[in-house]
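Peer 1: Sequence:
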Amino acid sequence: MTRFDTCLKAVGAACLLAAVPATGQAATWSDTFVGYRYGTELREPTNTRAVEKHVLQLTHASGYSVGQNFINVDMLQSDKADPASGSTNGATEFYLTYRHQVHLGKLLDKRLAFGPVKEVGITAGFDLNTKNTRFAPRKRLLVVGPTLKFDVPGFLDVSLLYGKEWNHCGLGAPACPRSDISFDPQWIISAAWGIPFSAGSVPLKFQGFINVNSDKGRDYAGVKTRTETLMRAALMVDVGQMAWGTKNTFLMGVGYEYWRNKFGNHAYGNGVEKPGIDTDAPTFQLEWHF
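Residue numbers -26 to -1, 1 to 264, in mature numbering (1 follows the signal peptide of the UniProt record, and there is no 0), belong to the letters of the sequence shown in order.
These aren't lab readings, by the way, just hints derived from the structure by calculation.
Take the hints with a grain of salt, since some may be wrong.
Taking CB as the label site, the calculated pair distances span [what the hints assert, rightly or not]: (1) D83 x V126: 19 to 27 Å; (2) D158 x T22: 25 to 33 Å; (3) E15 x F183: 15 to 23 Å; (4) G174 x V47: 33 to 41 Å.
Derived pair list, reagent style DSSO-like, types lysine-lysine, alpha-carbon separation capped at 27 Å [stated by the list, open to error]: (5) K221 x K92; (6) K221 x K236; (7) K221 x K179; (8) K198 x K248; (9) K248 x K113; (10) K113 x K221; (11) K54 x K92; (12) K80 x K92; (13) K198 x K236; (14) K113 x K179; (15) K221 x K54; (16) K92 x K179; (17) K248 x K54.
Since the model is a prediction, treat every value here as computed from it, not as a measurement.
Don't be surprised by glycine CBs; every beta carbon is placed ideally from N, CA and C.
Hey, can you work out the whole structure from these sequences and the hints?
Peer 2: Okay, here's the thing in structure tokens:
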């Protein structure tokens, strides 16, 4: 067995082990919401046009005695600037993210707090996606690593994750001499936050995430990938609290998507820089919690 195979098995085992403590444990808190996100300046690699997208989101987060779960499903509908394969209609993408945390202090019954950090955890999970373009991506990503949980209003988690991705390209040669690829392992620095605060009488929440992914070797055409950075942040108004006095039920706000070297892209095989690899896009967002 190679060192790579050993690492891969370790990541898969960690994802399974992380879920084991949840079995038979009652939830101590839970939050589920349906969301909507809209933007007109989104980008796709090799595409010279801005893409308008409507995004429907279903998110669930819950905690139990020694950990927590997070699952999110996005359905992204593009306009005709990002067409589906063999069609003039816009493409549809589904993207699933799952993360499970085990809180080591609670698991070991020890106080692991230090400085601004209130708890240390282990995070493991996966991403899956599919999109009906000619490229036909099928992302499969496993991640595992330590997480620092900061003592702030709301939450702030910072993780250092080991990631391994498999994917697919349906374009064929010469664009994609290899249709299926196993990328090199990569490191991912990931931060996620949700910080409630008030501006006068207006209840607000600053929320979002940022992922900085190291390069992951060479792509389908043999071009070396580059470090990828994705941030989605939003300032949300708790409309439900203002309108009918119920906190965290209906939120509305504006966001911003910042993406550099999307999917690790930067150039074609001939060295010419690809269009569409960088995004700077304002968004409009809604959330209904239940």
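Peer 1: Indicate, hint by hint, whether the structure satisfies it.
Peer 2: Tested hints:
For D83 and V126, the Cβ-Cβ distance of about 24 Å falls inside the hinted range of 19 to 27 Å, so the restraint holds. In this structure the supplied range 25 to 33 Å holds for D158 paired with T22, their Cβ-Cβ distance being about 29 Å. With their beta carbons about 20 Å apart, E15 and F183 fall inside the hinted range of 15 to 23 Å. Distance hint check: the CB atoms of G174 and V47 are about 36 Å apart, consistent with the given range 33 to 41 Å.
Note on K221 and K92: the hinted pairing holds, with a Cα-Cα distance of about 25 Å set against a maximum of 27 Å. Simply put, K221 and K236 have alpha-carbon atoms about 36 Å apart, too far for the 27 Å limit, and the pair is violated. This hinted pair checks out: K221 and K179 have alpha carbons roughly 11 Å apart, not beyond 27 Å. Note on K198 and K248: the hinted pairing holds, with a Cα-Cα distance of about 13 Å set against a maximum of 27 Å.
Proposed proximity of K248 and K113 is supported: the alpha carbons are some 20 Å apart, at most 27 Å. In summary, the hint linking K113 to K221 is not supported, as the alpha carbons are separated by about 36 Å, beyond the 27 Å threshold. In summary, the hint linking K54 to K92 is not supported, as the alpha carbons are separated by about 47 Å, beyond the 27 Å threshold. For the hint pairing K80 with K92, the CA-to-CA distance comes to about 11 Å; that is within 27 Å, so the pair holds.
In summary, the hint linking K198 to K236 is supported, as the alpha carbons are separated by about 13 Å, within the 27 Å threshold. Distance check on the hinted pair: K113 and K179 sit about 31 Å apart at the alpha-carbon level, beyond 27 Å; violated. In summary, the hint linking K221 to K54 is not supported, as the alpha carbons are separated by about 38 Å, beyond the 27 Å threshold. With a C-alpha separation of about 21 Å, the suggested pair K92 and K179 falls inside the 27 Å cut-off, and the hint holds.
Our distance criterion of 27 Å between C-alpha atoms is met by K248 and K54, whose separation comes to about 20 Å.
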